[in-house]
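Generate coordinates for the entire structure from the input sequences, incorporating the hints supplied.
2 protein chains.
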Amino acid sequence: MQNFVFHNPTKIIFGRNTIPSIGSETIALGQKALLVYGQGSMKESGLYEEVMNSLADACVIVVEHGGVRSNPLLDHVQQGIAKAKQEGVDVIVAVGGGSVIDTAKAIAAGSVVEHDVWKFFTGKKSVKSALPVLTVLTLAAAGSEMNSGMVITNQDTQEKFGFGHRLLYPKTSILDPEITYTVPPDYTAYGAVDAIAHVLEFYMTTQDTDTPVQARFMEGLILNAMESCERCLADPRDYGGRANLMWTATLALNGLTAAGLGRVGFPMHMIEHSLSALYDVPHGAGLSVVMPGWLQWYLYQDTARIARLGQGILPSAQFQQLAGQGERAVAEQTIAFLRTWFSKVHSPVTLTEMNIPAEDIPRIAENALGLAKVWRLNQYSQAIIEEILRGCI
Amino acid sequence: MQNFVFHNPTKIIFGRNTIPSIGSETIALGQKALLVYGQGSMKESGLYEEVMNSLADACVIVVEHGGVRSNPLLDHVQQGIAKAKQEGVDVIVAVGGGSVIDTAKAIAAGSVVEHDVWKFFTGKKSVKSALPVLTVLTLAAAGSEMNSGMVITNQDTQEKFGFGHRLLYPKTSILDPEITYTVPPDYTAYGAVDAIAHVLEFYMTTQDTDTPVQARFMEGLILNAMESCERCLADPRDYGGRANLMWTATLALNGLTAAGLGRVGFPMHMIEHSLSALYDVPHGAGLSVVMPGWLQWYLYQDTARIARLGQGILPSAQFQQLAGQGERAVAEQTIAFLRTWFSKVHSPVTLTEMNIPAEDIPRIAENALGLAKVWRLNQYSQAIIEEILRGCI
Chain A
1 MQNFVFHNPT
11 KIIFGRNTIP
21 SIGSETIALG
31 QKALLVYGQG
41 SMKESGLYEE
51 VMNSLADACV
61 IVVEHGGVRS
71 NPLLDHVQQG
81 IAKAKQEGVD
91 VIVAVGGGSV
101 IDTAKAIAAG
111 SVVEHDVWKF
121 FTGKKSVKSA
131 LPVLTVLTLA
141 AAGSEMNSGM
151 VITNQDTQEK
161 FGFGHRLLYP
171 KTSILDPEIT
181 YTVPPDYTAY
191 GAVDAIAHVL
201 EFYMTTQDTD
211 TPVQARFMEG
221 LILNAMESCE
231 RCLADPRDYG
241 GRANLMWTAT
251 LALNGLTAAG
261 LGRVGFPMHM
271 IEHSLSALYD
281 VPHGAGLSVV
291 MPGWLQWYLY
301 QDTARIARLG
311 QGILPSAQFQ
321 QLAGQGERAV
331 AEQTIAFLRT
341 WFSKVHSPVT
351 LTEMNIPAED
361 IPRIAENALG
371 LAKVWRLNQY
381 SQAIIEEILR
391 GCI
Chain B
394 MQNFVFHNPT
404 KIIFGRNTIP
414 SIGSETIALG
424 QKALLVYGQG
434 SMKESGLYEE
444 VMNSLADACV
454 IVVEHGGVRS
464 NPLLDHVQQG
474 IAKAKQEGVD
484 VIVAVGGGSV
494 IDTAKAIAAG
504 SVVEHDVWKF
514 FTGKKSVKSA
524 LPVLTVLTLA
534 AAGSEMNSGM
544 VITNQDTQEK
554 FGFGHRLLYP
564 KTSILDPEIT
574 YTVPPDYTAY
584 GAVDAIAHVL
594 EFYMTTQDTD
604 TPVQARFMEG
614 LILNAMESCE
624 RCLADPRDYG
634 GRANLMWTAT
644 LALNGLTAAG
654 LGRVGFPMHM
664 IEHSLSALYD
674 VPHGAGLSVV
684 MPGWLQWYLY
694 QDTARIARLG
704 QGILPSAQFQ
714 QLAGQGERAV
724 AEQTIAFLRT
734 WFSKVHSPVT
744 LTEMNIPAED
754 IPRIAENALG
764 LAKVWRLNQY
774 SQAIIEEILR
784 GCI
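Protein sequences appear in the order of chains A and B. Heads up: the first sequence runs through residues 1 to 393, numbered per the working numbering. Heads up: the second sequence runs through residues 394 to 786, numbered per the working numbering.
Possibly wrong hints are sitting among the right ones.
[Said to hold, decoys possible] In the SDA-like style, the derived pairs of lysine to any residue whose C-alpha atoms are separated by at most 20 Å in a straight line are:
1. Lys11/A - Pro413/B
2. Lys564/B - Lys119/A
3. Lys564/B - Ala82/A
4. Lys119/A - Ala82/A
[Unchecked claim] So the derived list for chain B, only partly shown, Cβ under 10 Å to chain A, looks like this:
5. His400
6. Gln704
7. Ala716
[As the list claims (entries may be wrong)] Here are some, though not all, of the chain B residues that point toward chain A, as calculated from beta-carbon distances under 10 Å:
8. Pro402
9. Ile405
10. Ala421
11. Pro570
12. Glu612
13. Leu616
14. Gly634
15. Asn637
16. Phe712
These are computed hints drawn from the structure, not numbers from a lab. Every value quoted in this text rests on a predicted model; they were computed, and no experiment measured them. Note that CB positions come from ideal geometry on N, CA and C, so glycine has one too.
Quick look at the structure:
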């Protein structure tokens, strides 16, 4: 195991009827809140009113900043920062999924500096302070509600970049699984895919494999994401299914899976970010295309690693049958197991399904290469990324 | 899943050569520290000098309070409180295992009130503030380094009581697996047994079994405790073994396994605390005696629960063979699997092995009943506790 510091100070309030606590949690940290949210669905569902009432009851003054879209954009972040500065807000309340929470974090960091917020993402400036962020989560997927990271797309440069800092952990996150009853099947599945991708990135890229504590935890999270997603698709109002999917997605990227692994990479996200940036596909959909292709390529780099995953996630009877056939067979069936499951929940597994033509591969790879440099994934050349993408056709 | 609040603010600094950071971590919280530690072994190993040098380098003034013993005593806590008040210390540094850390927490809570500290344990007073606590962990076992609980024995009343409060999470805990190279085989095993017991209490007593996220996490921790313990016994200087055992024991009781389970009980600890209080046996040794007996009794209450554990922890091939024989067979083999493992690592599995005669059972049960009342384990009558203990002969 590698040395690590684990310090996740986010307070999670989880369960039914927890949203009315947003007011008292917020007023403990500030008096004037920027309320960040997405499109109109929150208003239709009654969630907007519930949050506004709670904030009003606690005497929090609210400045609104709605309109965050999926794959959130830098210019909308910049508008939020201008608003926060102008209005003198001292706390940010995010009501939404990962895109909304990431936007809130970027505003929290950008509101206390004079320079452009994008400089944090390109590594030209570092965070020294930030406004406190609270969240009300509406989608089980990104894990942003309990970590310090964020991903924003710069529409001018077509770059979708991620960045994190310990001052950006939300102070409090409220997770009410009932809010997610109305998440449609496709986005329910994309959320589960996103959680699985977060786990797989760490599982596959750690250089230190003497980490069984983390490995078993991650294998469990993958199985939980699958099982709970299937329950939600079968019955969107299955509380247990929604609750287990929500907590799984949070734990999949709250730092605990990574603690002790040493340096890890996000190569699948790197390639997917280019798909999102260039074609605006849903993040989870892009990931279910990239994952099997990347794993198929990675099979030749580290068969044992994929086979170890298979031992942890393949059904016991299937694993017993395969065990005599060697590592390679187990690894191949593990990739097939994941690909089949993505298809089962109707998440795409090929570029073709997303109407992205094979001719675009060099252009996608070129875009991904930009992020490879920022994330220091130096082993990924244009040729290698193209090779991986050809496995995704 | 049940509603929960999860908020664990402890900062973990894990790995090799991390002890020298104790000075800078401490001075950030206070200028005058009460240094709580156990018997002499820390001085022989050089750890005492390393900690003192780091504190001196950071200009922390140190008041010493050594002499904590295993199953820590109330009068020693009271002496520490008197010293802390007299010297005006503003931070507590614990260097040791669970007993030392628990003593430090009790002093931290007791130093800021006028009443006797035992009133917290009997529920007559509640904690409203506490001095900050930092820890340097020397034993993988109790999990106290990342939770808000503590267990102290009142030698006058022969009561070993536990108590917790959110203000008692250590601010920082330093976990260097290399410190544990010198832990002897018996205490290495008792530590692993303690971690397994913490997991089993939650796993078996939750009323909400629609909690697969927690269940899989716990099953993994049990397997990790077993595997890493065996590695440490085979080679006491196996860094990976020590590191995985240490992190497992911490995660086994840091609140994450319990979050979402709703109300849980600690019936096995309840009975073991009586063994420790009456016979001063090592906590882990007492637990390996109580666990199989309690599980054997519990088999008739909830066979399915034990069988579910078996599915998670029995070797895949063994489980496949058993699966056709029904739940009862799986559950029985699961208990046998645990008992056999305790014996394998030379932790006792009968009262006889600890020289506790069967005639003492009524007296032990009577003692345990006192804690059953405090912990509200109302289903445990004198007769039931005696029945469980008869299964431990």
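Next on the checklist: Check the structure against each numbered hint from earlier and tell me which ones fail, lowest number first.
Outcome noted: 1, 2, 3 and 10
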